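Based on the provided sequences and hints, a complete structural model is requested.
Line order of the protein sequences matches chains A and B. For what it's worth, this note's numbering labels the leading residue of the first sequence as 1, then goes sequentially. For what it's worth, this note's numbering labels the leading residue of the second sequence as 1, then goes sequentially.
Note that these hints are calculated values from the structure, not bench results. Because the structure is a prediction, the values reported are computed rather than measured. Hints may contain errors.
Because identical chains cannot be distinguished in the list, a pair is counted as satisfied if it fits within a single copy or across any two copies.
What the hints assert, rightly or not - Taking lysine-lysine pairs in the BS3-like style, the calculated list, with each CA pair at most 30 Å apart, reads: (1) 82 <-> 137; (2) 117 <-> 37; (3) 137 <-> 117; (4) 180 <-> 82; (5) 180 <-> 137; (6) 37 <-> 82; (7) 180 <-> 37; (8) 137 <-> 37.
Number of protein chains: 2
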Amino acid sequence: MSLGAEDWVEAANEALASGGVDAVRVEPLAEGLGVTKGSFYWHFADRGALLDAVLTSWERRATAAIIELVDARHETPRARLKGLLDVTQMPAAGARIEHAIRVWGARDAAIQRRLAKIDVTRERYVRELLVASGLEKTLAETRARILYLVLIGEFTWVSHGGAASNAAFREELFTLVTAKR
Amino acid sequence: MSLGAEDWVEAANEALASGGVDAVRVEPLAEGLGVTKGSFYWHFADRGALLDAVLTSWERRATAAIIELVDARHETPRARLKGLLDVTQMPAAGARIEHAIRVWGARDAAIQRRLAKIDVTRERYVRELLVASGLEKTLAETRARILYLVLIGEFTWVSHGGAASNAAFREELFTLVTAKR
DNA sequence: ACCTGAACACCGTTCAAGT
DNA sequence: ACCTGAACACCGTTCAAGT
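Pasting the structure below:
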């Protein structure tokens, strides 16, 4: 059985989640897949092309996919906000990939730009939900920022072994960010 | 002029801030310092020993140093909480080092344990300030968690180029976490 | 006390040759 | 269409030898 590009991307995803970008190495990946490293270059131009494919597949999962899921599951703005908080409860592998990508962005301007787009999309989504649930525009902006930073913080926290937040925590966070002035 | 261990640690710090753990490489560091890589092994047993020295120096700066600074500058619990929020406004290099260390912790159990200790210390400090400013114990715990996650989130955010939060943001965050029930 | 220089291992990349 | 195998460059590590 010969391999396709997807097999390499999948293996790369696992390596990324457990060891960061620099753990995505052609030779160990090849060994894990049972081929020689030379064969990698049939599927990709170089290691960078593999990393690009990994990022592209993550971009889809990490924004559109989440927003669609939350929108499909819940009706009202408040219910959607609550639903979004539960998304943080995703399996640690997801959090570890997100975190690894953020570090990667810290040292690669191109990745940084792509990450920024995703952050803008997500934060806008939160802000719109807050406005839709009755907050004044400027206040909604600040509150969206707070909520979004908590989410990023939790990704980071969970990714290095911290316990995921519990229901009481999410309840309190929800109460705070949706509180009317 | 010959070098001391501190010169290598300082160079390693810069590499860590700009490129993560894996950018801390003996050969480029040696080149930057104007010596051959062989001379590195006079000062350190191996690359791991250098990384350990880097982490130890960061541990001091990142907890005790910050808490002492805040305590020295401000008197009341509320003023100290506010002062702590301003610490996030530290230069981006500091945030980038913190972030790089967190990623590092994501793949290294020993680093993870040392990081966890620091997180416990910092979160306890926030919780105590909240209790001292009149919040009930359980609520203080939840609010401390929220505040601490926002801080971690902001480190992450700033480290990949996001704008640091402004005064209005910190004001609102302060209001929320200190609000009496 | 601190550094050089040569050696070796590991992994990214290339490429001619195989099936 | 997909893979092997050998080659070369880069960097971590060792160590005998230099000053």
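Hints versus structure:
1. 82 <-> 137: Both: 20 Å inside a chain and 25 Å across chains, each within 30 Å.
2. 117 <-> 37: For residue 117 and residue 37, neither the intra-copy (34 Å) nor the inter-copy (41 Å) Cα distance is at most 30 Å.
3. 137 <-> 117: Within one copy only: 21 Å inside, 39 Å across.
4. 180 <-> 82: both (16 Å within a copy, 23 Å between copies)
5. 180 <-> 137: both (12 Å within a copy, 25 Å between copies)
6. 37 <-> 82: Neither: 46 Å inside a chain and 54 Å across chains, both beyond 30 Å.
7. 180 <-> 37: Cα proximity of residue 180 and residue 37: none, with 59 Å in one copy and 61 Å across.
8. 137 <-> 37: neither (54 Å within a copy, 57 Å between copies)
Comparing the model with each earlier hint shows violations of hints 2, 6, 7, 8; every other hint is respected.
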